[in-house]
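Could you build all of it, start to finish, from the sequences and the hints given here?
There are 2 protein chains.
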Amino acid sequence: MYNPPLKTVLIAISIIAVSISCKEQTSSETQSIEAGSVMPEQEASLIFTKGNKITNNNFVGTAYVSMLISADSLNQTYVGNVTFEPGARTNWHSHPSGQIILVVEGKGYYQEKGGPKRVLLKGDAIKCPPNVPHWHGASSDSEFIQLAISSSENGPTEWLEPVSEEEYNAKY
Amino acid sequence: MYNPPLKTVLIAISIIAVSISCKEQTSSETQSIEAGSVMPEQEASLIFTKGNKITNNNFVGTAYVSMLISADSLNQTYVGNVTFEPGARTNWHSHPSGQIILVVEGKGYYQEKGGPKRVLLKGDAIKCPPNVPHWHGASSDSEFIQLAISSSENGPTEWLEPVSEEEYNAKY
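Those protein sequence lines, which keep their order, are chains A and B.
Under the working numbering, the first residue of the first sequence is numbered 1, with each subsequent residue one higher.
Under the working numbering, the first residue of the second sequence is numbered 1, with each subsequent residue one higher.
In short, the hints are calculated from the structure, not lab data.
Among the hints, a few may not be true.
No copy is singled out in the list; a pair is fine if it fits within one copy or between any two copies.
[To be verified] Keeping only pairs whose Cα atoms sit at most 27 Å apart, straight-line, the calculated BS3-like set for lysine-lysine is:
#, residue 1, residue 2
1, LYS50, LYS171
2, LYS127, LYS53
3, LYS127, LYS50
4, LYS127, LYS113
5, LYS171, LYS113
6, LYS107, LYS50
7, LYS117, LYS171
8, LYS171, LYS127
9, LYS53, LYS117
Spelled out as structure tokens, the structure:
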């Protein structure tokens, strides 16, 4: 009977162990991504720049905005990348030209006045009609990154009152 | 001198080998992402739906589009997620309301008539003025995923001639 040297046995066992371990890690990462959960910060923030912390009073909590595209005289559409830390949200507000929201990462909420609070996940797309008060922001346990597309054609955003704790915590 | 049993030695060596290997994999993945290169398909296609294969004659190569937001009477802005396989590109075309391109993944090109061919990478944002002929698509060695934002307000896209091989392969 062939008796392999100890060195060969050690190498073989190491290779098998590495294969099993790394395969499990990849599988676990894939499942995590498929479930729409938040990726680590260094990956989640990679697509569009995070920009600057928002310091006005139109938001509750900590949020960042990066203006990717500005309005100009030929095309008044503009695009911002907004990152909400867990629990952060806009105040109620409306856009005279409406707004489109595209979710890049995380879990957040969207609600139009009088309507239910909706959950938004990566890949979701929302079109909010002109002049309809609404709010959007992160869930309490997840960062939320979204592209906001609007137009300055009919005037600026109208900012309203903050979202109450009761509204924010409403069931969905 | 203490002489550990063979089993203990084997387990210790396996654990060390697994740690080193998986650490290297993570580091390599991070570098790859930071360099803006293409992630594996199952990760790259995760954010927005890929949609259907484009079968009209306005594209060269294989491309897919998913309409995320449609134009309506209140807001004529629409958004599509376009996935170009390596080498695929639009024909020359122009939009009467202009177009915004946001790069989600991969490496591609963008060129306005008379201008240089530009490289586009993840996170890049382009605003093409109304009625300016241009084309966009994937590089020859990378998939390219982009959001296209336009408006039907001033009429449909005007499609022009295909991008020649010479134009596509021009240096940048």
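Status of the hints after comparison with the structure:
When the C-alpha separation of LYS50 and LYS171 is checked against a cutoff of 27 Å, the pair qualifies neither within a copy, at 30 Å, nor between copies, at 31 Å. Within a single copy, LYS127 and LYS53 get their C-alpha atoms as close as 25 Å, and across copies as close as 24 Å, so both meet the 27 Å cut-off. Within a single copy, LYS127 and LYS50 get their C-alpha atoms as close as 23 Å, and across copies as close as 19 Å, so both meet the 27 Å cut-off. In this homomeric assembly, LYS127 and LYS113 come within 27 Å of each other (Cα to Cα) only inside a single copy, at 14 Å, whereas the closest approach across copies is 33 Å.
Taking the shortest alpha-carbon separations for LYS171 and LYS113, only the intra-copy value of 15 Å comes in at or below 27 Å, while the best inter-copy value is 52 Å. In the homo-oligomer, the alpha carbons of LYS107 and LYS50 lie at most 27 Å apart both inside one protomer (17 Å) and across protomers (21 Å), since each shortest distance falls under that limit. For a Cα distance limit of 27 Å, the shortest separation of LYS117 from LYS171 inside one copy, 7 Å, qualifies, whereas the shortest one across copies, 50 Å, does not. Only within a single protomer do LYS171 and LYS127 lie at most 27 Å apart by alpha-carbon distance; the minimum there is 22 Å, versus 40 Å between protomers.
In this assembly of identical chains, the alpha carbons of LYS53 and LYS117 lie at most 27 Å apart only when taken from the same copy (25 Å versus 34 Å across copies).
Hint compliance for this structure: hint 1 is the single one not met.
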